[in-house]
Amino acid sequence: MAREENKESVGPAARMAAAVAKRLRMKKGLTQEQLGAQMGFTGAAISAMERLLHPVSDDMLVQLERVLGGGTGIFEEMRELVRLEKLPEQFRGYAPIEQKAVALWLYANHVVHGLFQTEAYARALIAGGHPEPSPERVEELVVARMARKALFDRKQVCEIELILDESVLRRPIGSEEIMREQLEYLAGCARRRNVNLQVLALDAGLGGEYAGDRGMMNLVETPAHDHVAFLEIQGESLLITDRRKVSTYTQRYAKIRAQALDPRNSLGLTEELAGVRR
Numbered sequence: 002m003a004r005e006e007n008k009e010s011v012g013p014a015a016r017m018a019a020a021v022a023k024r025l026r027m028k029k030g031l032t033q034e035q036l037g038a039q040m041g042f043t044g045a046a047i048s049a050m051e052r053l054l055h056p057v058s059d060d061m062l063v064q065l066e067r068v069l070g071g072g073t074g075i076f077e078e079m080r081e082l083v084r085l086e087k088l089p090e091q092f093r094g095y096a097p098i099e100q101k102a103v104a105l106w107l108y109a110n111h112v113v114h115g116l117f118q119t120e121a122y123a124r125a126l127i128a129g130g131h132p133e134p135s136p137e138r139v140e141e142l143v144v145a146r147m148a149r150k151a152l153f154d155r156k157q158v159c160e161i162e163l164i165l166d167e168s169v170l171r172r173p174i175g176s177e178e179i180m181r182e183q184l185e186y187l188a189g190c191a192r193r194r195n196v197n198l199q200v201l202a203l204d205a206g207l208g209g210e211y212a213g214d215r216g217m218m219n220l221v222e223t224p225a226h227d228h229v230a231f232l233e234i235q236g237e238s239l240l241i242t243d244r245r246k247v248s249t250y251t252q253r254y255a256k257i258r259a260q261a262l263d264p265r266n267s268l269g270l271t272e273e274l275a276g277v278r279r
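For the sequence shown, position 201 matches number 202 in the numbering used here, and the numbering has no gaps at all.
Simulated from the structure, these hints should not be mistaken for laboratory data. Only a predicted model underlies this, so the values are computations on that prediction, with no experimental measurement involved. Certain hints may be false.
As the list claims (entries may be wrong) - Simulated pairs of lysine to any residue, SDA-like, Cα-Cα distance not exceeding 25 Å: (1) Lys256 x Met217; (2) Lys156 x Lys246; (3) Lys156 x Arg84; (4) Lys150 x Glu178; (5) Lys150 x Glu120; (6) Lys246 x Arg265; (7) Lys246 x Ala225; (8) Lys150 x Glu160; (9) Lys256 x Asn266; (10) Lys23 x Glu66.
Stated by the list, open to error - DEER-style ranges, computed between Cβ atoms: (11) Asp60 x Lys28: 46 to 52 Å; (12) Gly209 x Arg155: 37 to 43 Å; (13) Asp243 x Val21: 37 to 43 Å; (14) Gln91 x Glu222: 17 to 23 Å; (15) Asp227 x Gln91: 17 to 23 Å.
Here a beta-carbon is modelled for each residue, glycine too, at the ideal position from N, C-alpha and C.
Please put together the full structure from these sequences, using the hints given.
Below, the structure written as structure tokens:
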């Protein structure tokens, strides 16, 4: 429900989108009800957007571009900025870096990495968090997380390597059906030519070494071929550019990779847990 207090949480990009939409609507001589009818929304929804009582949604920006954009692409350009605003604050600095990456080396040991989550898995995970988010916030975060997948089909291919702790594959999130769909999706991703999936087995530490004990990490090669590291824990994040520190994380990642199952056996385990028959 649109509320006055929502105004405080609306970011600059969403405010700009609302102001431009209102100006173009009035320039065309349309009422809120008329614009809403053309876009597939109610007049009340248009009013709430313009008054900042409800942040502009991604679907609304798509329709605003169609009805008011006039081929300028102005609302399409705003979509990325508005999405960025809706991400958790600790993730906003990293999100654009991820989308422009030449290569990603990822390790996740609690849940499936956000870039590889299905919509149902992400929704169950986000909705079950603490403090409990509102249904509207859940949907915002799910949409933003799914938008990250554009990286997979980018024209300039990004090489992606993902190592998941086996416990991630065995920890059901949401329901058995949601988890099975998630595992099937992971297996499908592993078959992409630009994706390498490996699993760090539960018994990896039996040899006396366990390189994955310090938690998740994202390593990124930028278009300028610089390397950065990104860490997240308990809602806090750290973006690391210091070359010595990044080098340490890179070496640790190499240890995790060496202790993980090879890609063929990793895919086989993922399919087995998903119930896929070869």
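Status of the hints after comparison with the structure:
Between Lys256 and Met217 the CA atoms are separated by roughly 14 Å; this keeps the pair inside 25 Å, and the hint holds. Using a Cα cut-off of 25 Å, the hinted pair Lys156 and Lys246 is violated, with the two alpha carbons roughly 31 Å apart. Of the pairs offered as hints, the one joining Lys156 and Arg84 holds, with about 21 Å between alpha carbons and a cut-off of 25 Å not exceeded. For the proposed pair Lys150 and Glu178, the alpha carbon gap of about 22 Å is at most 25 Å, so the pair holds.
Of the supplied pair hints, the one linking Lys150 and Glu120 holds, its CA atoms being roughly 11 Å apart against a limit of 25 Å. Our distance criterion of 25 Å between C-alpha atoms is broken by Lys246 and Arg265, whose separation comes to about 31 Å. Taken as a hint, the Lys246 and Ala225 pair is honoured in the structure, with Cα atoms around 19 Å apart against an allowance of 25 Å. Straight-line distance between C-alpha atoms of Lys150 and Glu160 comes to about 13 Å, which keeps the hinted pair within the 25 Å bound.
Between Lys256 and Asn266, the direct Cα distance comes to roughly 18 Å. Compliance with the 25 Å bound is thereby established for this hinted pair. With a CA separation close to 13 Å, the supplied pair Lys23 and Glu66 stays within the 25 Å bound. Taken as a hint, the range 46 to 52 Å is violated for the pair Asp60 and Lys28, whose Cβ atoms sit roughly 23 Å apart. Evaluation of the 37 to 43 Å hint for Gly209 and Arg155 yields a pass: the beta carbon distance comes to about 41 Å.
Separated by about 40 Å at the C-beta atoms, Asp243 and Val21 satisfy the suggested range of 37 to 43 Å. A beta carbon spacing of about 22 Å between Gln91 and Glu222 agrees with the range 17 to 23 Å that was offered as a hint. Remark: the range hint 17 to 23 Å for Asp227 to Gln91 is upheld by a beta-carbon distance near 21 Å.
Of the numbered hints stated above, those contradicted by the structure are hints 2, 6 and 11, listed in ascending order.
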